[in-house]
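The whole structure should be built from the sequences, with the hints applied where relevant.
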Amino acid sequence: SRGRHTWDFKVLSDLGGVLIGVTDGDMPVLGTWGDLAFRRRAWFASYLGEVRGGSSVLARLDGSFSMGDVVRVDVDVDRGQLSWSRNGVPLGGVSRLAPDFAARAPLFAGVCLFKAGDCVEILGRQDLCLGWE
1 SRGRHTWDFK VLSDLGGVLI GVTDGDMPVL GTWGDLAFRR RAWFASYLGE VRGGSSVLAR
61 LDGSFSMGDV VRVDVDVDRG QLSWSRNGVP LGGVSRLAPD FAARAPLFAG VCLFKAGDCV
121 EILGRQDLCL GWE
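Counting along the sequence shown from 1, when you hit position 133 you're at 133 in the working numbering, and nothing is skipped either side.
Derived from the structure by calculation, the hints contain no laboratory data. All values reported here derive from a predicted model rather than from experimental measurement. Keep in mind that a hint or two might mislead.
Claimed, not checked - Per label pair, the in silico range of CB-to-CB distance:
id, residue 1, residue 2, range
1, L113, V57, 17 to 23 Å
2, G68, P90, 28 to 34 Å
3, G68, T6, 17 to 23 Å
4, D62, G16, 30 to 36 Å
5, R4, S55, 14 to 20 Å
By construction, the Cβ of each residue, glycine as well, lies at the ideal position given by its N, Cα and C atoms.
This is the structure we're talking about:
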């Protein structure tokens with residue numbers, strides 16, 4: 001796949017543990033995206049206003065998100081970049097994917113919810129998997 005791809009998420013409830021981004025297909029369902037082992041396998045924006053690759057802080061966002069916000073994840077395959085926006089306003093913090101990210105395709109849109117009661121809705125009829133050819 002080439003070009004840009006987006007996914008939209010509505011934060012229905014955030015008790016302090018919502019992460020929104022992409023991960024590769026080998027990410028364990030029960031894994032925690034903040035683990036050191038996932039630093040080159042999951043890229044996400046956190047409720048703290050950080051862009052992270054696993055446990056590594058890659059950039060700071062110009063704000064964060066909370067209940068009621070719509071968060072967009074934008075993947076630019078050609079540039080190997082991820083960016084986020086909240087309610088249509090860019091949050092900054094553009095992140096470069098690992099240089100070998102295309103070799104680990106497909107990538108999946110996803111969320112990680114840390115606290116009981118955290119809830120995120122994936123909006124639209126979007127393909128949650130982004131594979132390369």
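Taking the hints in turn, this is what the structure says about them:
1. L113 x V57: 17 to 23 Å: holds (20 Å)
2. G68 x P90: 28 to 34 Å: At roughly 18 Å between Cβ atoms, P90 and G68 fall outside 28 to 34 Å, so the hint is violated.
3. G68 x T6: 17 to 23 Å: For G68 and T6 the Cβ distance comes to about 20 Å; the hint holds.
4. D62 x G16: 30 to 36 Å: Violated, since D62 and G16 (Cβ atoms, about 20 Å apart) do not stay within the stated range.
5. R4 x S55: 14 to 20 Å: violated (28 Å)
Checked against the numbered hints above, the structure violates hints 2, 4, 5; every other hint is satisfied.
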